[in-house]
Amino acid sequence: MPKKKTKSKIKALKTKLNKLAKYLEKERVKFQLHTHKVVYTAYDTASTLKRKLDEIAKVVLVRTDKGLALVVLPASRYVDMAAVKAALKVKKVAIATEKDITKYLKTKVGLLHPFGNLYKIPTLIDRGFSKANKMIAAAGSYTESLEIALKDFENLVKPIKGAFSKAKK
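Per the UniProt record's numbering, the sequence shown starts with residue 1, numbered consecutively.
Keep in mind that a hint or two might mislead.
[What the hints assert, rightly or not] With beta-carbon atoms standing in for the labels, derived distance ranges: (1) E25 - D65: 33 to 39 Å; (2) E25 - V90: 18 to 24 Å; (3) Y104 - M81: 16 to 22 Å; (4) I121 - Y43: 21 to 27 Å; (5) K131 - K30: 31 to 37 Å; (6) K89 - H36: 15 to 21 Å; (7) L118 - E98: 16 to 22 Å; (8) N133 - K158: 28 to 34 Å; (9) E25 - M81: 31 to 37 Å; (10) A149 - T97: 28 to 34 Å.
Note that these hints are calculated values from the structure, not bench results. Beta carbons: idealized from backbone N, C-alpha and C, even for Gly.
Produce the entire structure from the sequences given, and follow the hints as far as they go.
The following block contains the structure:
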């Protein structure tokens with residue numbers, strides 16, 4: 001059972017959400033915030049918003065021998081580490097730890113938004129979104145998700161595009 005949020009923790013979450021919203025407004029990007037019950041996973045987000053898993057972005061932080069990177073893929077799929085390794089031209093790649101998320105990105109597991117440019121790290125986006133016009137992703141809050149046009153996301157973030165996922169078995 002999650003601990004009760006203190007006022008300072010709630011304020012910190014709202015501040016992150018406000019920073020992201022201000023960034024998108026400054027860039028004149030249309031987006032929609034979805035307020036919902038507390039969710040911790042992309043799967044829970046899809047279920048709560050009654051959307052297909054392919055419409056929900058799963059954001060995975062990876063650690064490489066050259067630093068950190070974000071992989072954005074449909075929630076229905078798994079990260080293909082070999083493909084990520086090849087795209088980033090690195091020798092080693094692994095899922096980052098919870099400590100990496102809190103220490104380097106100053107956030108919590110489940111709150112990673114897909115805007116790697118704001119974290120100053122490379123972002124890879126899976127071609128699983130190529131047929132989609134929009135994606136829904138975490139907005140830095142357990143109770144807010146962000147819906148954004150894929151073309152706007154790609155124009156802002158300039159992600160590396162490719163096949164970075166495998167189907168779930």
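Do the hints match the structure? See the list:
| no. | hint | in the structure |
| --- | --- | --- |
| 1 | E25 - D65: 33 to 39 Å | 37 Å, holds |
| 2 | E25 - V90: 18 to 24 Å | 35 Å, violated |
| 3 | Y104 - M81: 16 to 22 Å | 19 Å, holds |
| 4 | I121 - Y43: 21 to 27 Å | 24 Å, holds |
| 5 | K131 - K30: 31 to 37 Å | 20 Å, violated |
| 6 | K89 - H36: 15 to 21 Å | 38 Å, violated |
| 7 | L118 - E98: 16 to 22 Å | 20 Å, holds |
| 8 | N133 - K158: 28 to 34 Å | 19 Å, violated |
| 9 | E25 - M81: 31 to 37 Å | 36 Å, holds |
| 10 | A149 - T97: 28 to 34 Å | 32 Å, holds |
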